[in-house]
Amino acid sequence: MTVNRRTVIKGLGVGVGMAALGAPAVKAQPKPIRVGFMTVKTGPLASGGIQMEQGLALYMKERNNILAGVPVEIVTVDSGGAPAVARTKMQELVERNQISAMIGPLSTQEALALDDYIRETKTPTLSVAAADDMTQRRANPWFVRVTSTSSQCSQVMGDYAAKELKYKRCSTIADDIAYGHEQNAGFQATFETEGGKIVQKLWPPLAVPDYGTYIAQINTKVDGMFAAFAGSNGFRFFRQFNEYGLRNKIPLLGGMTAFDESLLQQMGDDALGLLSVNYYSATIDNPSNKRFVEGMRRDYKVDPGYYAAATYTAGAVLEAALKTAGGGGDKQALMDALRNNKVEDTCRGPVAFDKYGNVIGNVYIRKVAKQDGRLVNAVIKTYENVSQFWNVKAEDFLKNPVYSRDYPPAKFLEN
Amino acid sequence: MNRNAILALLGVVLLGFVPFVMDDFFINLTSQILCYALFAVSLNLIVGYGGMTSLGHAAYFGIAAYGVTWLHTVAGWGQLSSAIGAVAVATFTAAVFGVLALRASGLSFLMITLALGQIVWGVAYRWVGLTQGDNGMRFPVRPEPLGFNINGATSFYYFSLIVFVVSVYIIWRVVQSPFGAGLRGTKDQPRRMRMLGHNVWMIRWVAFIMSGFWAAIAGLLFVYYQKFVSPYTVSLQQSAEVLLMTILGGAGTLTGPMVGAVIVTLVKNVASSYVERWNALLGLIFVLAVVFMPTGLVPGFRKLWKRRTAPPPASTPALTAKPSTEHAS
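So the sequences go chain by chain: X and C.
Using our numbering, the letters of the first sequence map in sequence onto residues 1 to 415.
Using our numbering, the letters of the second sequence map in sequence onto residues 1001 to 1329.
Next comes chain X alone, as it looks inside the complex (with noise of 0.2 Å):
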């Protein structure tokens, strides 16, 4: 076939012409896009990952797996919690599945473990996991976490025991693990500079079958303790200290996971009136946290909490940001979209990101409390929009090392 003026023509003609007649129907019909989901379904960190899987599936189960008009399919993974697997996983997601974006991993162990691959691949990553550093001095920048880092909600803990509880003296228990590390490291840096002392810590090893021997320790001529567990640890930890009789003597005042919402109800009217802190609570009064509140009562029987709180949080951060991207298509846009937007309706109020990608938004002060019968943690004191470094500017907070066991020095430990 000789290709002359008039085919050219023709042949532009019909091009113009299916364009035209073709982008409403693209319009119509978004490309559907696909976003990986790992999570935990199997060993000890099974909880909060089946917790999270339940957020995020009401989620979209509200939205009919459409978000922003663009069909989403949901692609979950289980990593089992170990680092070898995750990377696997992630490799399955991005290769086979050729995911959008991802939503997980839950431990940091694995956040660590993905985080080149993550680089490498540009895939935009909503995680969960927790550790200071993951948007801190080992920032990722295709990484953001809507929830909140170990310790950006126990400095606010820190500042409301010197502040408002006009507390002098404190003691510390934690999960001897990075993410007790780091939450008490928050405590006790804002309490100190409000002028308290922090003058004894603890750190019982996660997997201990019984708290006596640290309970036994404990300084009784303090004002209160500020107790930062994972999992179900806080509950054991409560029951015993409760048992000892510490109850009516040493308020307690609880990190993000240590009273949490999925907890809360075994814990029994002994725990009315613990103080706790966290970027969430089932109670918080806006309609979207009413609805997923309503959601998780009716389809799971449960309250949400930390985890379940965190994904339902994630879908709406995604979904502001494929409008703002229009779509999936493009990493780098959805990526800056991510990062830029301020999702104002999200159950756990309005959330923005600073440039290292974590969360800026409300952190609340949290009190057991009843309400129709079931033991709610109800806010008390909403402080909004926190950032991870407290009120310490950013380049000033990154220059310390990160928060440890040891960092910051506790000056005034007695016994």
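It is worth saying that the hints were derived from the structure and are not from the lab.
Nothing false has been slipped in among the hints.
Computed from the model, here is a short list of chain C residues facing chain X with C-beta under 10 Å:
#  : residue
1  : D1024
2  : F1025
3  : L1029
4  : G1133
5  : Y1225
6  : F1228
7  : V1229
8  : P1231
9  : Q1238
10 : N1279
Non-contacting residues of chain X with respect to chain C, defined by C-beta distances greater than 12 Å in every case (computed):
#  : residue
11 : V199
12 : Q266
13 : G295
14 : R298
15 : V379
16 : K381
These figures come from a predicted structure and were not determined experimentally.
Just so you know, even glycine gets a beta-carbon here, dropped at the ideal spot from N, CA and C.
Starting from the structure of chain X, add chain C where the hints point.
Here is chain C on its own, set in the frame of chain X:
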């Protein structure tokens, strides 16, 4: 033996064709399988041939992984010297642990290796200044052996394959050597071996060190692949998993641990995408193997094969490895 050599060659050639027929995901998965297979084969040296069941084998694997990362990123050594240094440290640890563990045998040996493994885990987990604790350490960039870039899935696969084939060949030669025969002898008839003038303790110790050395090589492959090492690498779970691979596939055979590594890795990484209770699936496979093929899959299927091919009356079920070791020593 000739037939086995042909089979082995055929296997290597088939493995060499993997990148031509599979996508990147499976190429990477096969690289991982090779790494775990070498790890399991190394453990098999003491479990299968020496009769010493260890629950702390991840220690040497992990020390090599941590060692090369630390030497390269913290101490600033070059890639090659870090690798050599790491393997040396891991092998030396195996030598020391061997002295301690070999004071006992059987169940006590198992418990001592378990305890020693937990010490290593404790250091990885708690000595934050050295190992960065449970956050783990990153290994920045893969080495370039002889100037070859092994960052891609295919090139890394061939790198793993070469390391694997060379290592397994050497292990096979060791097993076939008089030393290997001696080792099997110490497993089946330690008293007789002693009577014959062999230093049973020394044979076991040397086997233990060799086993640690090859685990360290597997550990290097692991960290080159993952570019990350965390306390999970030296955990009891990891030790138990590699023991499971070895026993499932068939301890005391060269190919058994490899088959075990294939099955465990596939179930963990692939089946877990389809089966939520993949741990249970793994357990079920293990139970079935124990019930129907108590010596492991490879010996089990070999027996089935023999029964099918051999004329029926000539089947002699009691034919085990015992007589041959006595001849060899």
